[in-house]
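Engineer: Turn these sequences into a full structure, and let the hints steer you where they fit.
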Amino acid sequence: MPFYVTTPIYYVNAEPHLGHAYSTIAADILARHMRQRGEDVFFLTGTDEHGEPVAQAAERLGTTPRELADRNSVRFRDLAARVNATNDFFIRTSDPEHVAEVRRIVQGLYDSGHVYAGVYEGWYCDRCADFKTESELVDGKCPIHLITLEKRHEENYFFRLSSFQEALERLYAENRDFVSPGSRFNEALNFIRQGLEDISISRSAISWGVPVPWDERHVIYVWIDALLNYYTALAYAREGEDLTERFWPATVHVIGKDILKFHAVIWPAMLMASGLEVPERLFIHGYLLMDEHKMSKSLGNVIDPFQVMDLYGTDALRFYLFREVGFGQDGNVSTEGFETRYTTELANEYGNLASRTLAMVSRYRDGAVPAGEPPAALVAVFEGAPEAIAACFDRSDISGALEQIWERVRELNRFVAEQAPWQLAKDPAQAERLDSVLYGLVEGLRVVSLLLLPIVPEAAERLLIALGAAHERSLVAARFGAVAGGAQTGELPQLFPKIEREPEPSAA
RNA sequence: GGCUCCGUAGCUCAGCCGGUUAGAGCGCACCACUCAUAAUGGUGAGGUCGGUGGUUCGAGUCCACCCGGAGCUACCA
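Residue numbers (the numbering used here): 90 to 597.
Treat the hints with care, since some could be wrong.
[Stated by the list, open to error] With a cut-off of at most 20 Å between alpha-carbon atoms, the simulated SDA-like pairs for lysine to any residue come out as follows: (1) K350 to N279; (2) K350 to E263; (3) K346 to G375; (4) K587 to R445; (5) K383 to I348.
Bear in mind the hints are in silico, worked out from the structure with no lab data behind them.
Source: prediction; values computed, not measured.
Structural biologist: Right under this line is the structure:
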């Protein structure tokens with residue numbers, strides 16, 4: 090089955106931060122998991138580059154929008170690589186292929202009567218160079234500059250969003266998991282039910298954008314341009330091949346809650362208007378908070394993902410984000426929480442389990458995994474595990490999958506304590522039992538690591554190799570007992586070494 | 001104002017279609033073990049399940065109201 094997953098495309102004006110890493114890692118975990126299931130996967134990420142803010146920033150820096158976009162896009166590409174994202178393509182909305190396709194699609198909307206010329210009327214703030222909504226106004230003044238605003242008119246092209254009211258309501262009625270979590274589904278549906286207005290999809294007086302094909306005085310509103318990336322990329326992501334047939338419609342768009350409406354309302358309407366299929370579902374994740382507040386540079390409460398990865402590794406970050414905060418919810422992250430999870434779970438429970446298991450196999454059986462009887466206790470623990478985890482991933486429930494996996498890790502540690510192999514080793518009469526215990530541990534670790542592969546790919550791979558499980562990486566192989574004994578284990582440096590961190594120099 | 005969601009052990013949260021003594025993880029206390037990255041395992045501490053009133057043989061789990069908190073209520077991306 091084709092599985093097409095996307096991240097939002099990131100606006101090049103922003104500094105790559107933890108939130109970007111979060112979306113990208115989430116989509117990557119889903120992509121890796123589906124590949125493990127043998128599905129035909131396409132994973133897309135990229136950058137959104139048009140629009141006034143980029144043009145303004147470029148002007149401030151004395152450069153061109155294109156140069157600025159080139160420079161900043163690389164940083165997002167670097168971030169994706171740094172978090173070990175396995176994206177199949179990195180789209181930029183400035184790609185000529187994308188631009189051409191956006192023009193073609195928008196022209197189609199115009200030709201089919203879904204777009205018309207109209208007048209946008211609103212309160213315009215000169216200082217912001219921007220229109221304000223009624224609800225934003227404070228006593229009829231700009232909330233930022235507190236100056237009286239004038240009513241301004243602008244000729245725009247409008248998309249008949251209002252004509253998709255019923256179609257959208259039907260989409261939601263017939264597809265209860267079009268948007269998840271459920272609260273976001275309700276939020277989007279509620280918005281639709283309130284009545285949709287047409288939206289303007291062009292801007293004049295801006296030049297950094299995709300020109301409207303039939304009226305080049307205008308450029309296409311960046312959001313229209315940006316949303317289309319999910320579709321346009323397929324046509325040129327692979328040279329000499331059009332993947333559209335194969336992967337459209339997208340399986341899941343991973344997005345943050347701040348861009349819900351664009352994806353849950355405007356986007357499906359645009360697709361319907363263009364005669365294209367709508368995506369199967371959207372998964373909306375929450376915000377990563379610090380001390381209950383959204384991270385922001387001005388508050389100084391940011392976690393730099395690069396810094397974390399430099400210190401603890403990429404796997405640790407990938408693990409932490411989905412372990413600490415239920416995927417789909419808002420949640421607090423902190424360096425303290427990070428260190429606790431890293432030490433207690435990755436280093437102690439998983440890493441140390443690997444160390445003790447390998448040490449015992451080496452010490453008691455010269456590094457050869459014994460062909461023991463699968464211990465009944467562990468057979469029970471792993472019964473149905475791959476299926477349970479796959480079911481979580483089918484709902485994009487990464488945190489749920491991780492919890493399922495971690496319960497097994499804990500069971501393995503419990504098993505070691507109960508069986509006390511070091512006692513069995515003292516009694517030659519217990520050799521068979523020791524074989525069984527050691528085999529069970531190796532096999533349990535192998536299964537757990539296979540299941541963990543999408544989340545902590547580097548560490549899980551290293552451990553699998555050390556366990557002598559050289560080849561098979563599919564989910565099918567994650568069945569307890571699928572591999573018999575006989576493998577030779579190898580050396581394994583600590584998977585997650587304890588990090589000695591310099592005590593914070595107390596701020597004066 | 002309207003709509004949605006939430007309020008369960010010190011902390012973070014599970015509790016599906018209502019049903020035996022309300023659970024997990026962290027933190028804390030004590031105990032056990034020594035294979036291991038001084039790691040692991042066990043036990044305990046007893047929370048009016050926000051409040052009140054209902055429905056029911058029986059409600060954390062359904063209904064009403066109240067208190068407290070969060071989000072959305074359209075064109076910054």
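Engineer: Give a verdict on every hint.
Structural biologist: Verification of the supplied hints:
1. K350 to N279: Distance of about 11 Å is within 20 Å: holds.
2. K350 to E263: Since the Cα atoms of K350 and E263 sit roughly 19 Å apart, the hinted pair holds (cutoff 20 Å).
3. K346 to G375: Holds, because 6 Å separates the two Cα atoms, which is no more than 20 Å.
4. K587 to R445: Roughly 16 Å separates the two Cα atoms, so the pair holds.
5. K383 to I348: holds (16 Å)
Violation of the numbered hints given earlier is absent; every hint is satisfied by the structure.
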